[in-house]
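> Just so you know, the sequences run in chain order L and A. All residue numbers in the first sequence are consecutive under our numbering, ending with 165. All residue numbers in the second sequence are consecutive under our numbering, ending with 330.
FYI, nobody ran anything at the bench for these hints, they're computed from the structure. Please note that a few of the clues may not be correct.
Stretch by stretch, here's where chain A covers chain L in the computed footprint (C-beta under 8 Å, at least three residues) [stated by the list, open to error]:
1) 100 to 113
2) 132 to 145
Taking lysine-lysine and the DSSO-like style, the derived pairs with C-alpha atoms no more than 27 Å apart in a straight line are [as the list claims (entries may be wrong)]:
3) 293/A x 148/L
4) 222/A x 51/L
5) 123/L x 321/A
6) 40/L x 223/A
Built from N, CA and C at the ideal position, the CB exists for glycine as well.
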Amino acid sequence: MNPRVLTLKITETDLKIIKALQLDARASYTDIAKELGVSKNIVSTRVRLLKEKGIINGSILLFNLSKFGFGCLASLSIKAIPSKVDDVIKYIRSLKGPAISASTMGSYNLTVILLMQDTEELKRVIDSIKKDPAIIQINTCILTDIEKALPRSQNIDLSRLLEAK
Amino acid sequence: MDLVDLKIIGLLIQDPQMPFSRMAKALDIGIETVIRRYNKLKNEGIIYNTTITVDMKKCGYTGHALFLVNTLADAEPEKMYSELVKKRNVLTVIHAIGDYDLLIHCIYSDLDDLYRLQREISKVPGIKYMSVVVVSAKDFNTSFPSSEYYSHMISKMAASGQIKT
Numbered sequence: 001m002n003p004r005v006l007t008l009k010i011t012e013t014d015l016k017i018i019k020a021l022q023l024d025a026r027a028s029y030t031d032i033a034k035e036l037g038v039s040k041n042i043v044s045t046r047v048r049l050l051k052e053k054g055i056i057n058g059s060i061l062l063f064n065l066s067k068f069g070f071g072c073l074a075s076l077s078i079k080a081i082p083s084k085v086d087d088v089i090k091y092i093r094s095l096k097g098p099a100i101s102a103s104t105m106g107s108y109n110l111t112v113i114l115l116m117q118d119t120e121e122l123k124r125v126i127d128s129i130k131k132d133p134a135i136i137q138i139n140t141c142i143l144t145d146i147e148k149a150l151p152r153s154q155n156i157d158l159s160r161l162l163e164a165k
Numbered sequence: 166m167d168l169v170d171l172k173i174i175g176l177l178i179q180d181p182q183m184p185f186s187r188m189a190k191a192l193d194i195g196i197e198t199v200i201r202r203y204n205k206l207k208n209e210g211i212i213y214n215t216t217i218t219v220d221m222k223k224c225g226y227t228g229h230a231l232f233l234v235n236t237l238a239d240a241e242p243e244k245m246y247s248e249l250v251k252k253r254n255v256l257t258v259i260h261a262i263g264d265y266d267l268l269i270h271c272i273y274s275d276l277d278d279l280y281r282l283q284r285e286i287s288k289v290p291g292i293k294y295m296s297v298v299v300v301s302a303k304d305f306n307t308s309f310p311s312s313e314y315y316s317h318m319i320s321k322m323a324a325s326g327q328i329k330t
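Given the sequences, and given the hints that come with them, work out the whole structure.
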């Protein structure tokens, strides 16, 4: 990596480029350049810089879960014996079903997001999670309208990048 | 959706920013066909769009939090939803059935920022009660949208033979 790149400052233009790519990672640099009133060269140089700095670290395709057989998204809020939380997470991850499992602070000490084909599969996974004796209580919530639950990366306030050196 | 569509989706999963020309070459079909099919998949709501992932830590954020919201009996969920998804640093809002009615996923830079966010969210009319769980940083992928979540989904889809990668 070019060491000079890391000392370059992030500008307002960079933030606008990030926003444009958050809305559509396939947006053409020509279109972005036109919209921002800069040259296409600037856009591609700045994108390269943002990638080299690790600010942009990948891209993903967002697709309709229900069209691919995922009919059921659920969130489990779990109370577990505090000293055993790490073991419980390890156990839940070994089940392969959950999409996300994380330890939390607050009303619950574990949160698990399950992405399932149907409620039967959900029941099966919850039943196996329940087998862990360190779990005190599980509150299950079925998440609905998952088609609308798209990640809104464009809501991220990026202004802190401007302050960074 | 036919096999060609699935192959297009497969390529987009591997590299969401792959140019149409490269996709056409890989599939040995015309570029116009790829573009037409891509637009069709989008119009039919099978795929939504592509987005870049950013490193949250580099953008100045230290953690994720989930607000679990109970709404009032006379609340207007759709109105609440559209108001919430516009808020700064609110990344996902999902309707839920169970112990709570709305799940709000946010990011924050420090505890003051989390407190500010909570105050801001609680001003949305229709909220009866909300609790918060703070996700421990070690359990969350710092890139958003979470590549962990999507790769999990994709491996499940590939396992059930729904996509060809």
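> Going through the earlier hints one by one, which of them does the structure break, listed in rising order?
none
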